[in-house]
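Protein chains: 2
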Amino acid sequence: MTNPVLAELLRGDLVESRHSGAIAVSDPDGRLVLSLGDVTRPIYPRSAVKAFQALPLLESGAADRLGLTDAEIALAVSSHGGEARHVEVATAMLAKAGRDVRTLECGVHAPSTRKAADALVRAGQKPSALHNNCSGKHAGFICLACAEGVEPEGYVRRSHPVMRAVMGAVADMSGAALEGAGVGTDGCSIPTQAAPLAGIARGFARLGTGLHLGPERARAAARIRRAVAADPFLVAGTGRFCTAIMAIFGERVFVKTGAEGVFCACFPELGYGVALKCDDGATRAAEVMMANVIARFLPLSENESEALRPFLAPIQKNWNGIEVGLLRAAGAMG
Amino acid sequence: MTNPVLAELLRGDLVESRHSGAIAVSDPDGRLVLSLGDVTRPIYPRSAVKAFQALPLLESGAADRLGLTDAEIALAVSSHGGEARHVEVATAMLAKAGRDVRTLECGVHAPSTRKAADALVRAGQKPSALHNNCSGKHAGFICLACAEGVEPEGYVRRSHPVMRAVMGAVADMSGAALEGAGVGTDGCSIPTQAAPLAGIARGFARLGTGLHLGPERARAAARIRRAVAADPFLVAGTGRFCTAIMAIFGERVFVKTGAEGVFCACFPELGYGVALKCDDGATRAAEVMMANVIARFLPLSENESEALRPFLAPIQKNWNGIEVGLLRAAGAMG
Numbered sequence: 001m002t003n004p005v006l007a008e009l010l011r012g013d014l015v016e017s018r019h020s021g022a023i024a025v026s027d028p029d030g031r032l033v034l035s036l037g038d039v040t041r042p043i044y045p046r047s048a049v050k051a052f053q054a055l056p057l058l059e060s061g062a063a064d065r066l067g068l069t070d071a072e073i074a075l076a077v078s079s080h081g082g083e084a085r086h087v088e089v090a091t092a093m094l095a096k097a098g099r100d101v102r103t104l105e106c107g108v109h110a111p112s113t114r115k116a117a118d119a120l121v122r123a124g125q126k127p128s129a130l131h132n133n134c135s136g137k138h139a140g141f142i143c144l145a146c147a148e149g150v151e152p153e154g155y156v157r158r159s160h161p162v163m164r165a166v167m168g169a170v171a172d173m174s175g176a177a178l179e180g181a182g183v184g185t186d187g188c189s190i191p192t193q194a195a196p197l198a199g200i201a202r203g204f205a206r207l208g209t210g211l212h213l214g215p216e217r218a219r220a221a222a223r224i225r226r227a228v229a230a231d232p233f234l235v236a237g238t239g240r241f242c243t244a245i246m247a248i249f250g251e252r253v254f255v256k257t258g259a260e261g262v263f264c265a266c267f268p269e270l271g272y273g274v275a276l277k278c279d280d281g282a283t284r285a286a287e288v289m290m291a292n293v294i295a296r297f298l299p300l301s302e303n304e305s306e307a308l309r310p311f312l313a314p315i316q317k318n319w320n321g322i323e324v325g326l327l328r329a330a331g332a333m334g
Numbered sequence: 001m002t003n004p005v006l007a008e009l010l011r012g013d014l015v016e017s018r019h020s021g022a023i024a025v026s027d028p029d030g031r032l033v034l035s036l037g038d039v040t041r042p043i044y045p046r047s048a049v050k051a052f053q054a055l056p057l058l059e060s061g062a063a064d065r066l067g068l069t070d071a072e073i074a075l076a077v078s079s080h081g082g083e084a085r086h087v088e089v090a091t092a093m094l095a096k097a098g099r100d101v102r103t104l105e106c107g108v109h110a111p112s113t114r115k116a117a118d119a120l121v122r123a124g125q126k127p128s129a130l131h132n133n134c135s136g137k138h139a140g141f142i143c144l145a146c147a148e149g150v151e152p153e154g155y156v157r158r159s160h161p162v163m164r165a166v167m168g169a170v171a172d173m174s175g176a177a178l179e180g181a182g183v184g185t186d187g188c189s190i191p192t193q194a195a196p197l198a199g200i201a202r203g204f205a206r207l208g209t210g211l212h213l214g215p216e217r218a219r220a221a222a223r224i225r226r227a228v229a230a231d232p233f234l235v236a237g238t239g240r241f242c243t244a245i246m247a248i249f250g251e252r253v254f255v256k257t258g259a260e261g262v263f264c265a266c267f268p269e270l271g272y273g274v275a276l277k278c279d280d281g282a283t284r285a286a287e288v289m290m291a292n293v294i295a296r297f298l299p300l301s302e303n304e305s306e307a308l309r310p311f312l313a314p315i316q317k318n319w320n321g322i323e324v325g326l327l328r329a330a331g332a333m334g
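Protein chains in written order, with full-length UniProt numbering: chain L, 1 to 334; chain X, 1 to 334.
Don't read these hints as lab results, they were simulated from the structure.
Be aware that a few hints might be false.
No distinction is drawn between identical chains; accordingly, a pair holds when it is met within one copy or between any pair of copies.
What the hints assert, rightly or not - Pairs of lysine-lysine residues, derived as DSS-like cross-links and limited to a Cα-Cα distance of at most 30 angstroms, are as follows:
(1) Lys-126 x Lys-317
(2) Lys-96 x Lys-126
(3) Lys-317 x Lys-115
Note that this is a predicted model, so its numbers are computed, not measured.
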């Protein structure tokens, strides 16, 4: 049951902290090309499967009927920093559905980017549901409801037609639970469905290749991949791992974080999907694990290699800017 | 080498994340009354041993010569939230040494309390070294230097007479390293000295009882315990674990957090000292471990039991205030 240590924090000459975890890298048929730790135990993928959750918006034709742009599709699969442009795009999506911030049911939190939070305070404004990191995903749910002629109110509940479609897509793509012990409640109040890392990784291999997907779903997957690669800022934001990695690799890597140390990715040219979870929920360690998975599998140009290097073993600096240590891959990932 | 899981995050009916760690509870002679995981491997105690680091300020007579108040002593052992009162007390300490913010060498960061950070932005001010969570400790170092007639500049370096005294006290109290591989650099630029949890716990048992300490050190330890119990807000701040726990227990529990999942405590009436570390560095889990150590060892009144309960298994709410899970003790602590 105990997963191996896959990342460690070095301070001076001692390992100060240790992060264990599990990693699955799969092809579209479910063949595992890498399996570390327990990849069969169900985990909550949280926001890492927003791309699966956005499939109904596209494959239903709702996105086209409302004329959603690629930027809006990218925001629908984002966990954004609540920066000005994120808020603008979410507002525009809601307007296309004939709605506004009042229809969002994700709850309110301050922008997760410090700079954006400070800017709001300086402007004397309070955060709204538009600043919630999930507002783009929720705006997508509202677009789906309105384009299909369904009242959006209560869309976060599993009995709502929108959430039934969303949960069905996640289940199809990953083998996730639809009910029972495997369904919890996410930070933004929609259900989060537990699935094994192996199943999630296979789903991402399919998202990246279109294999084993129907034609509408394969087209939807391709559009999502193009949309995020074209504007990776919208998927996360300033200083964020997902944005930085996709800015380096474009359509070669789709990567998405989820709360509690989850990361998913696909490498379309290889046909591989990736799903990993740091046992203790630490994003810092999950990022190092994902960066090292990319380095292990993806052929890198010299420029890409150079650009990826800081993410493989991030240097830790203190408040005076002094280097005090680094976070690095360990054990089977080291 | 692998420590046991001691805390876990439950979401819905599934365990979402797991935290392993080690815990030592010792008497002043070094007899362990609880030992979970590896308590002999050196760990960096970070800010959890600020009480040890403050001993030279008191036992040298410097604190008395400068007329430091109990509030100022409490701030000297704090990791504070950068709130207005923390900044005021740090400023007053520096003034007693004939110095100001410019002598602080801890570096600058925004107040760690969101409310205090927002207030600063609203006032159009930038954070200074006074807002650094370690400014009280550093002000104490500067007071020690000035009262002893030593130039404070460079006090963060191990060659400085102040830091030699501070490191000596930590080594005496815990068996910590004075040089070599066991000495790293802390967030505030002073050395952090690795020591085994068993040694640190023994040191806290001595801090709590005065046993095996010389008379000046025993008096210094008693004054620190009284000072923090009299004003626990100064040791941490609004919404913080250390402040809340000491507000419940007064002089019955001294508790102090350190970065990367460290917690130390002493229970003077039992003569026990506690040192624990969550392997992955998570404060949330270290807090749950410490709350459960308190519940296991300390006789509790009904009121104390009621007040401690929320810390034993903190309920997790999402952005809409919906309960989505809880963090709880597990394994040998469960």
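Tested hints:
no., hint, result
1, Lys-126 x Lys-317, "between (32 angstroms within a copy, 21 angstroms between copies)"
2, Lys-96 x Lys-126, "within (24 angstroms within a copy, 40 angstroms between copies)"
3, Lys-317 x Lys-115, "both (20 angstroms within a copy, 25 angstroms between copies)"
Violated hints for the displayed structure: none, as all numbered hints are satisfied.
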